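Residue numbers (our numbering), protein chains in the order written: chain A, 473 to 803; chain B, 473 to 803.
Treat the hints loosely; a few may be bogus.
[Said to hold, decoys possible] Derived SDA-like pairs: lysine to any residue, alpha-carbon spacing no greater than 25 Å straight-line: (1) A:614 with B:725; (2) A:676 with B:725; (3) B:737 with A:608; (4) B:538 with B:802; (5) B:675 with A:525; (6) A:493 with B:723; (7) A:612 with A:769; (8) B:737 with A:725; (9) B:737 with A:726; (10) A:737 with B:802; (11) B:753 with A:739; (12) B:675 with A:695; (13) A:737 with B:672; (14) A:676 with B:675.
The set of hints was computed from the structure by calculation and includes no laboratory data. Being a predicted model, the structure only gives us computed values, none of them experimental.
Now for the letters of each chain:
There are 2 protein chains.
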Amino acid sequence: MNKTILLDNRPQGKPSHSDFKFVENDKPSPKDGEVLLKTCYVSVDPYLRGRMIDQKSYIEPFELNKPLSSGIIAEVVESKIDDFSKGDYVSAMLDWKEYQVSDGQNLQKVDPDQAPLSTYLGVLGMTGLTAYFGLTDIGKPKEGETVVVSGAAGAVGTVVGQIAKIKGCRVVGIAGTDEKIDMIKSKFGFDEAVNYKTTSDMKKAIAEAAPDGVDVYFDNVGGPITDAVMANINRHGRVVACGAISTYNATETPTGPRLETTLIKKSVLMQGFTVGNYAEKFKEGVQQLASWMQSGDLTYTETMVEGFDNIPQAFIDLFDGKNEGKMVVKV
Amino acid sequence: MNKTILLDNRPQGKPSHSDFKFVENDKPSPKDGEVLLKTCYVSVDPYLRGRMIDQKSYIEPFELNKPLSSGIIAEVVESKIDDFSKGDYVSAMLDWKEYQVSDGQNLQKVDPDQAPLSTYLGVLGMTGLTAYFGLTDIGKPKEGETVVVSGAAGAVGTVVGQIAKIKGCRVVGIAGTDEKIDMIKSKFGFDEAVNYKTTSDMKKAIAEAAPDGVDVYFDNVGGPITDAVMANINRHGRVVACGAISTYNATETPTGPRLETTLIKKSVLMQGFTVGNYAEKFKEGVQQLASWMQSGDLTYTETMVEGFDNIPQAFIDLFDGKNEGKMVVKV
Numbered sequence: 473m474n475k476t477i478l479l480d481n482r483p484q485g486k487p488s489h490s491d492f493k494f495v496e497n498d499k500p501s502p503k504d505g506e507v508l509l510k511t512c513y514v515s516v517d518p519y520l521r522g523r524m525i526d527q528k529s530y531i532e533p534f535e536l537n538k539p540l541s542s543g544i545i546a547e548v549v550e551s552k553i554d555d556f557s558k559g560d561y562v563s564a565m566l567d568w569k570e571y572q573v574s575d576g577q578n579l580q581k582v583d584p585d586q587a588p589l590s591t592y593l594g595v596l597g598m599t600g601l602t603a604y605f606g607l608t609d610i611g612k613p614k615e616g617e618t619v620v621v622s623g624a625a626g627a628v629g630t631v632v633g634q635i636a637k638i639k640g641c642r643v644v645g646i647a648g649t650d651e652k653i654d655m656i657k658s659k660f661g662f663d664e665a666v667n668y669k670t671t672s673d674m675k676k677a678i679a680e681a682a683p684d685g686v687d688v689y690f691d692n693v694g695g696p697i698t699d700a701v702m703a704n705i706n707r708h709g710r711v712v713a714c715g716a717i718s719t720y721n722a723t724e725t726p727t728g729p730r731l732e733t734t735l736i737k738k739s740v741l742m743q744g745f746t747v748g749n750y751a752e753k754f755k756e757g758v759q760q761l762a763s764w765m766q767s768g769d770l771t772y773t774e775t776m777v778e779g780f781d782n783i784p785q786a787f788i789d790l791f792d793g794k795n796e797g798k799m800v801v802k803v
Numbered sequence: 473m474n475k476t477i478l479l480d481n482r483p484q485g486k487p488s489h490s491d492f493k494f495v496e497n498d499k500p501s502p503k504d505g506e507v508l509l510k511t512c513y514v515s516v517d518p519y520l521r522g523r524m525i526d527q528k529s530y531i532e533p534f535e536l537n538k539p540l541s542s543g544i545i546a547e548v549v550e551s552k553i554d555d556f557s558k559g560d561y562v563s564a565m566l567d568w569k570e571y572q573v574s575d576g577q578n579l580q581k582v583d584p585d586q587a588p589l590s591t592y593l594g595v596l597g598m599t600g601l602t603a604y605f606g607l608t609d610i611g612k613p614k615e616g617e618t619v620v621v622s623g624a625a626g627a628v629g630t631v632v633g634q635i636a637k638i639k640g641c642r643v644v645g646i647a648g649t650d651e652k653i654d655m656i657k658s659k660f661g662f663d664e665a666v667n668y669k670t671t672s673d674m675k676k677a678i679a680e681a682a683p684d685g686v687d688v689y690f691d692n693v694g695g696p697i698t699d700a701v702m703a704n705i706n707r708h709g710r711v712v713a714c715g716a717i718s719t720y721n722a723t724e725t726p727t728g729p730r731l732e733t734t735l736i737k738k739s740v741l742m743q744g745f746t747v748g749n750y751a752e753k754f755k756e757g758v759q760q761l762a763s764w765m766q767s768g769d770l771t772y773t774e775t776m777v778e779g780f781d782n783i784p785q786a787f788i789d790l791f792d793g794k795n796e797g798k799m800v801v802k803v
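Using the sequences and the hints, build the whole thing.
Here it is as structure tokens:
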């Protein structure tokens, strides 16, 4: 049999198990020109929450009663395409199914001997590329500048912090548990870290952690944490608007202090982006990230959940910050 | 005698006459290496409101009981500097005084035969340069794109709209009276204009005036007007954060819908700036603006108030939108 996870309801607020539906079908058989893929690792990402809303965006919304999908590493278990052999591993946007067929389009072969398979969803995949292009192309950190990262212990944040260190910056991370705070300092080399859950005056805490002010803010969370960082932004600061997980489950339009005056008075740039904007440069980005990994300048952590049935729970846990680094489900 | 206008109180909310104090002193005498300047035209600008707050910014705040200052065109009435002669006209940041001495530093000679003197404060001065650099360097309008301008009938807005037309864009202006709406369409060539004071659903009105969405938003006002434009922003849109006059008199931090998600989903850039960022390119900018004026592609309007004593009132009137184009006081 072959399990599939469908979107059963569009979540109201935080996603719950009742928004997902498991169905079972026969395992499909590949026709000529198709491969049969077995799902190995499934990426769960905050941005998927946005696709659950029925609203035009940079990517089509998920349809009700249709399979959800995300970045997946799969094994070719049967091939009727010349370019693929049984035993190959591929990375692609695929459905949340145990088995599925593919015409081979958009499948990217990955090498399990080069790096652990799950890293092709994380540090060597969309996550790493998001950190790399957002920070270098928008944030443009210069040696000696201060870079602040929110969601610092997450999949993107841990990579951003390390790249900022490679660029010679002072790096301040914001995260929500003492374990995460310890981890980003000891394992990922952040200079300072602020636990937003135990800090009452975030504006002051950022000012203390970034005594020369904030030159680059890589924002994964939005909301009041962002307000506190923006209160410390320097003249000609750059804000990389990558994610806003604090607002993804909002049921009403989130409000906050208006930013216009800060942007004007300090000549600040804010730029939103999605990694797809850089599709033409993915190869260059992966090469750079892999090279930093080989030199030991870039490392990673991941939160690995086991079992296809646990995909919804792993996704829900993102919104409680239960992951350190990349959240991956091993099927 | 020689009148000077001092900042008597830091305004709470909208500025009022009691925030200003007139004092009289003797007319000063220039020493060797100085010129005596007679004020001819005084620029009043919304950004001066920001300088009245005791708060660090890109420019020093005004001090209490000290003269206010702004862009001024003055006549040299006595010169003890070789480079300046009696009868020369100069443009500079000068005090709100009828007469003052200067060591000649930062005085820029202007030619009354080339263009009316007041235009060196407006379309050929900081105002025109603000429009030019903000639109071309940040907004980067491309032929066929839609540019929306708020504060469209103001000093900066009228120039922005015309440059956007020169660049081959569809131009939509937002202003607050029917006279202004008529003016920007008939005199300045805007394709569409929306009166925000008589329009109940601004989001819908912008959508109708910009049926292909908004590629570039040149923002002079901030606040709810900006929210309505942002609801119509296109993917890869650029927001030029130039002014936020709707919030300058706020006594509490203005709040509004958070922008992060829009910025991210649509890969939108927002960039604040002040014209001083482009100081090295002022000459190039003035040449371009003057050339467009000569070719007839760029025209201007101004609201001319007479009398030194009316400088505070002219400034206050900015916040009621009483000006069309540049607000200048002729002394």
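We went through each hint and held it up to the structure:
1. A threshold of 25 Å between alpha carbons decides the hint, and for residue 614 of chain A with residue 725 of chain B the separation of about 32 Å lies outside it, so the pair is violated.
2. Only pairs whose Cα atoms come within 25 Å are accepted, and residue 676 of chain A paired with residue 725 of chain B is accepted, the gap being roughly 18 Å.
3. Straight-line distance between C-alpha atoms of residue 737 of chain B and residue 608 of chain A comes to about 20 Å, which keeps the hinted pair within the 25 Å bound.
4. Distance check on the hinted pair: residue 538 of chain B and residue 802 of chain B sit about 22 Å apart at the alpha-carbon level, within 25 Å; holds.
5. A C-alpha spacing of about 21 Å is found between residue 675 of chain B and residue 525 of chain A, which places the hinted pair at or below 25 Å, so the restraint holds.
6. Distance restraint check for residue 493 of chain A and residue 723 of chain B: the Cα-Cα separation of roughly 51 Å exceeds the 25 Å cut-off, and the hinted pair is therefore not satisfied.
7. Using a Cα cut-off of 25 Å, the hinted pair residue 612 of chain A and residue 769 of chain A holds, with the two alpha carbons roughly 19 Å apart.
8. Our distance criterion of 25 Å between C-alpha atoms is met by residue 737 of chain B and residue 725 of chain A, whose separation comes to about 15 Å.
9. For the suggested pair residue 737 of chain B and residue 726 of chain A, the alpha carbons sit about 15 Å apart, so the restraint of at most 25 Å is met.
10. Straight-line distance between C-alpha atoms of residue 737 of chain A and residue 802 of chain B comes to about 29 Å, which puts the hinted pair past the 25 Å bound.
11. A threshold of 25 Å between alpha carbons decides the hint, and for residue 753 of chain B with residue 739 of chain A the separation of about 17 Å falls inside it, so the pair holds.
12. A threshold of 25 Å between alpha carbons decides the hint, and for residue 675 of chain B with residue 695 of chain A the separation of about 24 Å falls inside it, so the pair holds.
13. Under the criterion of a C-alpha separation no larger than 25 Å, the hint pairing residue 737 of chain A with residue 672 of chain B is inconsistent with the structure, at around 31 Å.
14. For a cut-off of 25 Å, the pair hint linking residue 676 of chain A to residue 675 of chain B is broken: about 37 Å separates their Cα positions.
Violated hints, in rising order: 1, 6, 10, 13, 14; the structure is consistent with all others.
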